[in-house]
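Here the structure of chain A is known, so what remains is to put chain B in place on it, guided by the hints.
Those protein sequences? They're chains A and B, same order as listed.
Mapped onto this note's numbering, the consecutive letters of the first sequence carry residue numbers 1220 to 1333.
Mapped onto this note's numbering, the consecutive letters of the second sequence carry residue numbers -15 to 93.
These are calculated hints, taken from the structure and not from any lab test.
The reader is advised that the hints may include incorrect statements.
Stated by the list, open to error - Straight line, CA to CA, 27 angstroms or less: simulated DSS-like cross-link-like pairs of lysine-lysine:
| hint | chain 1 | residue 1 | chain 2 | residue 2 |
| --- | --- | --- | --- | --- |
| 1 | B | 26 | A | 1232 |
| 2 | B | 62 | B | 92 |
| 3 | B | 26 | A | 1276 |
| 4 | B | 26 | B | 92 |
| 5 | B | 26 | B | 43 |
| 6 | B | 26 | B | 42 |
Claimed, not checked - With the C-beta cut set under 8 angstroms, the calculated list includes, among others, these residues of chain A facing chain B:
| hint | residue |
| --- | --- |
| 7 | 1260 |
| 8 | 1261 |
| 9 | 1264 |
| 10 | 1323 |
| 11 | 1326 |
Yeah, the Cβ is synthetic: ideal placement off N, Cα and C, and Gly gets one too.
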Amino acid sequence: KAGVTQTPRYLIKTRGQQVTLSCSPISGHRSVSWYQQTPGQGLQFLFEYFSETQRNKGNFPGRFSGRQFSNSRSEMNVSTLELGDSALYLCASSLDQGMNTEAFFGQGTRLTVV
Amino acid sequence: ILNVEQSPQSLHVQEGDSTNFTCSFPSSNFYALHWYRWETAKSPEALFVMTLNGDEKKKGRISATLNTKEGYSYLYIKGSQPEDSATYLCASLGHAGRFGAGTRLTVKP
Chain A
1220 KAGVTQTPRY
1230 LIKTRGQQVT
1240 LSCSPISGHR
1250 SVSWYQQTPG
1260 QGLQFLFEYF
1270 SETQRNKGNF
1280 PGRFSGRQFS
1290 NSRSEMNVST
1300 LELGDSALYL
1310 CASSLDQGMN
1320 TEAFFGQGTR
1330 LTVV
Chain B
-15 ILNVEQSPQS
-5 LHVQEGDSTN
5 FTCSFPSSNF
15 YALHWYRWET
25 AKSPEALFVM
35 TLNGDEKKKG
45 RISATLNTKE
55 GYSYLYIKGS
65 QPEDSATYLC
75 ASLGHAGRFG
85 AGTRLTVKP
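Here chain B stands alone, though its shape is the one from the complex:
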């Protein structure tokens, strides 16, 4: 993998559903993996900064895992709420700040 890739591109879930999405990144020359949440008309907001293989981070209902050897990270949202609707971006900041295109999450009440 040469670039940071995120899947799926978009996701529609019902309130209360749990969901997860994937970020794939080049595993060579890895430094750190960042997750951001970007709501419409707002600035991207940092969720997690992850550096170690096997890292797991949690903030409320949102958690993330990191596998630097195979070059992927998962973001999980437990019990999605409408206010979780946003675009979730991941970035591998080893060289020149490579961002994925994001996963657009819509949570329906």
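Next comes chain A alone, as it looks inside the complex:
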């Protein structure tokens, strides 16, 4: 069974640009969550999608957005990039929306904003 796939693995962007990251969950998983990790910080929750609907959202500005497609694949978009957006972005998929279901993480996309 293929794991969670995130693309691209590495990305360098310039301030002011926008970026789209992709996450393909494990086959059959319907919930996808996105997290940001910056140096010295724990994982910060961005948002969760389930059945193409955003179910929860973390405390991030509106420049951060996401969506989920009918095949459960998810994308997150960051517009007007700032230097502080440089981080590792992880997505996690789980079978269902329930809080007691195990989440499986992808290897992340390392975004560098210059």
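Using the frame of chain A, we list chain B on its own:
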């Protein structure tokens, strides 16, 4: 407690030592507590999902306990091995997936 907090921040032990660390979380509106192990250059890997007060879970030399009334969970590693070196994260997934900053464990041979 408003956030998920983990202690200690880092830990260095000798091979064979047993160790434990703590995760504190808001006890109100609790749904589930997750423990993850995150090795460098790899993805976080789920260890335990715990939901009931008094829950105890075990996987090999690693075990965890949960106290939802007082809002804490302990992770124990018996007879630490160098391959146990990793960052151990806990998360309270009641609302908006709150993760702790992790405990960085280094096991010296």
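Checked hints:
1. Under the criterion of a C-alpha separation no larger than 27 angstroms, the hint pairing residue 26(B) with residue 1232(A) is consistent with the structure, at around 23 angstroms.
2. Distance check on the hinted pair: residue 62(B) and residue 92(B) sit about 15 angstroms apart at the alpha-carbon level, within 27 angstroms; holds.
3. Note on residue 26(B) and residue 1276(A): the hinted pairing holds, with a Cα-Cα distance of about 25 angstroms set against a maximum of 27 angstroms.
4. As the CA atoms of residue 26(B) and residue 92(B) are separated by approximately 20 angstroms, the hinted pair is consistent with the 27 angstroms bound.
5. Simply put, residue 26(B) and residue 43(B) have alpha-carbon atoms about 20 angstroms apart, close enough for the 27 angstroms limit, and the pair holds.
6. Between residue 26(B) and residue 42(B) the alpha-carbon distance is near 22 angstroms, which keeps this suggested pair within the 27 angstroms criterion.
7. Checking residue 1260(A) against chain B: minimum C-beta separation of about 7 angstroms stays under 8 angstroms; hint holds.
8. Satisfaction of the interface hint for residue 1261(A) is found here, the shortest Cβ-Cβ separation to chain B being roughly 4 angstroms, below the 8 angstroms cut-off.
9. The interface hint given for residue 1264(A) holds, since its Cβ lies 4 angstroms from the closest Cβ of chain B, which is under the 8 angstroms cut-off.
10. For residue 1323(A), the interface hint holds, since its Cβ comes within 8 angstroms of a Cβ in chain B; the closest pair sits about 7 angstroms apart.
11. Given the 8 angstroms rule on beta carbons, the hint for residue 1326(A) holds: about 5 angstroms separates it from the nearest Cβ of chain B.
No hint from the list above goes unmet by this structure.
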